[in-house]
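A.B. asks: Now for the letters of each chain:
2 protein chains.
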Amino acid sequence: MAAADLGHLPVNRRPIGVFDSGIGGLTVARAIATALPHESIYYVGDTKRCPYGVRTQEEVRTFTLQAGSWLVERGVKIIVIACNTATASALKVAQQTFDVPVIGVIAPGARAAVHTTRTRRVGVLATNLTVESGAYTRAIQDLDAGVRVFGCPASVFVDVVEDALASGDRLNQDWFDDRSVFMTPAVRGLARQVTQPLRGQGVDTVVLGCTHFPLLAAPIHEAMGPDVRIVSSAEETTAELIEILRRREQLAGADALARHRFATTSENITSFAVAGSFIFGKPLRSIEHIELGELEELRA
Amino acid sequence: MAAADLGHLPVNRRPIGVFDSGIGGLTVARAIATALPHESIYYVGDTKRCPYGVRTQEEVRTFTLQAGSWLVERGVKIIVIACNTATASALKVAQQTFDVPVIGVIAPGARAAVHTTRTRRVGVLATNLTVESGAYTRAIQDLDAGVRVFGCPASVFVDVVEDALASGDRLNQDWFDDRSVFMTPAVRGLARQVTQPLRGQGVDTVVLGCTHFPLLAAPIHEAMGPDVRIVSSAEETTAELIEILRRREQLAGADALARHRFATTSENITSFAVAGSFIFGKPLRSIEHIELGELEELRA
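Residue numbers (our numbering), protein chains in the order written: chain F, 1 to 300; chain Z, 1 to 300.
Treat the hints loosely; a few may be bogus.
Claimed, not checked - Label pairs and their calculated CB-CB ranges:
no. : chain 1 : residue 1 : chain 2 : residue 2 : range
1   : F       : ALA4      : Z       : ARG199    : 35 to 41 Å
2   : F       : GLU59     : Z       : ASN128    : 28 to 34 Å
3   : F       : THR56     : Z       : LYS282    : 30 to 36 Å
4   : Z       : ARG199    : F       : PRO283    : 32 to 38 Å
As the list claims (entries may be wrong) - Which residues of chain F face chain Z? A few of them, derived with a C-beta cut under 8 Å, are:
no. : residue
5   : SER69
6   : GLU73
7   : LYS92
8   : GLN96
9   : PRO101
10  : HIS115
11  : THR116
12  : ALA145
13  : GLY146
14  : ARG148
15  : ILE242
16  : GLU243
17  : ARG247
18  : ARG248
Keep in mind that the hints were calculated from the coordinates and are not lab data. Note that beta-carbon positions come from the ideal geometry of N, C-alpha and C, so glycine has one too.
Could you build the full structure based on these sequences and the hints that come with them?
C.D. replies: Below is the structure:
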C-alpha cells in the first residue's frame, strides 16, 4: 500500500502522527485510539534501526527528523514522539524543525508524577540507559524541585515483552485477547525482584518510563503494592495530546471515522503485524513497508 | 483577629495558601474561589514590602520563604505563589523548603500558551522587569522549542489598576460590581498603544503575565482583535491547582463550606479591604494584619 498524503484534509480531520523506534510506541497509539475514537493515527516504527539506545545522539536526531519529515509530508496535524530515547535526544530539534506541534513522552509522565505524589518521592522504571540519562529526574525536578526521584533500571522488562512477542509469526490467541498475559508466576517474581530497590524508599508513585512497560503494569503494580500509584507515560501523553488538540480546536468531530495506518522500516511486515496487533489491542489492518530516506533539507 | 492554625483539620479540609507581594494575586484567589467553591483560601499579601520588582533576588527569596512558612504553620495543604516576580526568583527554593507542594504562575500560563497557539507565535504582556527577565520565554520554549515569544512591557497597566483602586478608602460601587470597569475610552486607547508592538507579528495567543492584568482582559482582548486568544495565568494556575488536588485526592468535598482568610503586612487594613474586595469580586470579610518575622530555620 502506498503512503497516503492526507494534507488536503481539513486540519481537524488529519491524522495524529506517532513515531517510535519500533513497536513499543504502540502502547501510546493504543491509549490515543482508546481515548479518541474519532481520531486517525499514522504510526511509524523504525523497526529496522531499533533499538535507538545503542545509537549516538546525532543518529537518533537524524532518524527522528527523517520520521518526522515523513509524517509531515503525509499531512499529520501533530507528532507524538512515542519513544523515550528519541524524546530525550531529539524533541527540541524536532520542535524547532516542524510547523506542527511535537510532543514527547517524558514531560507528561513527569508532570503526572509530580501531581500525584504525596510523599514527594517518585520512582522511575525505565531502561538502564534512560535511567542513566537522568531525563526523568530533570523533568520532574524542573516542575517541583522538592521531589526526590529514584531511578530503577529495568531493561529486563523490555526483554520479557520482546521475548513474548517474538515467539513466531503468530501469537498465542490467549495472549492476544487477555491483557493480563504477563501475570505469570515468572513475570510476577521478576517484577518483585526488579522493583526491589524502590521499596522501602517511601515512594508512593512510580512512572513507567518506557513505552513497553504499560504491558507490565499489572505485575509492577502488584510488586509495588496497592498504595503505590502507577503513572503510565502512554496515558499521560494522551491527556496532553487531547489538551493541545482541544485548545487548538483541532479535534476530529464525532462524525469522523478513525482510520489507522502503520508503517515499518523493516521488511518483515507479518512479524510487525502480529506483535503490533497484540500491543495495539486490535488487528493492524493497514501496514506498509517504508524507507526513511536521507535528510535533504531542514530548517535550523 | 488572630491567625488560625488549621493543621488539625483533615488534609482535604485545609485551606489553599495563596501568596503575593500585594493585592494583584487576588485575581488568582478569585479564579480559585470561582472554580472551587468548596475550598477555603488563606491569602497573604506582603503589601508593606510591595512591589518586589525593585528588590534583590535574595530579598524576594527571603520574603517568599517567610510568607510560605507562615502559611505552612497555619496548616495549608498547598501553596500558590500568585506573583510573577516571586515565582521567577523563589519557586524552586520554596519547593525545596516546604513539605506541601508549591506552584507558581509562570509555568501554567506558559503551558496554556504553547497548547493554544496555532501560529506558534506567542505574545507575553508583563511588567517591564518580568519581560526583561525572560522567564516566560524560557518557560514557553522549554515546552516547545519551536514557539517564538514576543515580550511586551506593560508596567503601565499596573499603574492603571493601582490608580483606579487608590482613589480613597471607598471604591465607587459601580466599579465594585462591574468587571468591565476598565473599558473606558482612556484605557481602551492605552491598551491599543501598549499592545501595538505585538500586532503584525502573527501572534495568535497573548499571555497575561502579571497578576493585575486579568482585570484588563477586556480592553487587551479588544486591542489585539477577536482572533487572538488571551491566556490568563490566573485561570491556568487554577487549572493546575485543581489537577494536583484531584490527583492527590485532596479536594474539599461538596459538603465543605469555604471560609476565606486574608492577611496583609501593611497596617492599613481598610485600604486592603476596599481594593482587595474589588479585585476578589466579593467583600473580604476576614482580614488580619500580620508581621512576617525573620526566617529562623529552613531546611536546605
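A.B. asks: If a hint holds in the structure, say so; if it does not, say that too.
C.D. replies: Against the structure, the hints come out as follows:
no.: 1; hint: F/ALA4 with Z/ARG199: 35 to 41 Å; verdict: holds, 39 Å
no.: 2; hint: F/GLU59 with Z/ASN128: 28 to 34 Å; verdict: violated, 45 Å
no.: 3; hint: F/THR56 with Z/LYS282: 30 to 36 Å; verdict: violated, 59 Å
no.: 4; hint: Z/ARG199 with F/PRO283: 32 to 38 Å; verdict: violated, 52 Å
no.: 5; hint: SER69; verdict: violated, 14 Å
no.: 6; hint: GLU73; verdict: violated, 18 Å
no.: 7; hint: LYS92; verdict: holds, 4 Å
no.: 8; hint: GLN96; verdict: holds, 5 Å
no.: 9; hint: PRO101; verdict: holds, 7 Å
no.: 10; hint: HIS115; verdict: holds, 4 Å
no.: 11; hint: THR116; verdict: holds, 5 Å
no.: 12; hint: ALA145; verdict: holds, 4 Å
no.: 13; hint: GLY146; verdict: holds, 4 Å
no.: 14; hint: ARG148; verdict: violated, 11 Å
no.: 15; hint: ILE242; verdict: violated, 10 Å
no.: 16; hint: GLU243; verdict: holds, 6 Å
no.: 17; hint: ARG247; verdict: holds, 4 Å
no.: 18; hint: ARG248; verdict: holds, 6 Å
Comparing the model with each numbered hint stated earlier shows that hints 2, 3, 4, 5, 6, 14 and 15 do not hold.
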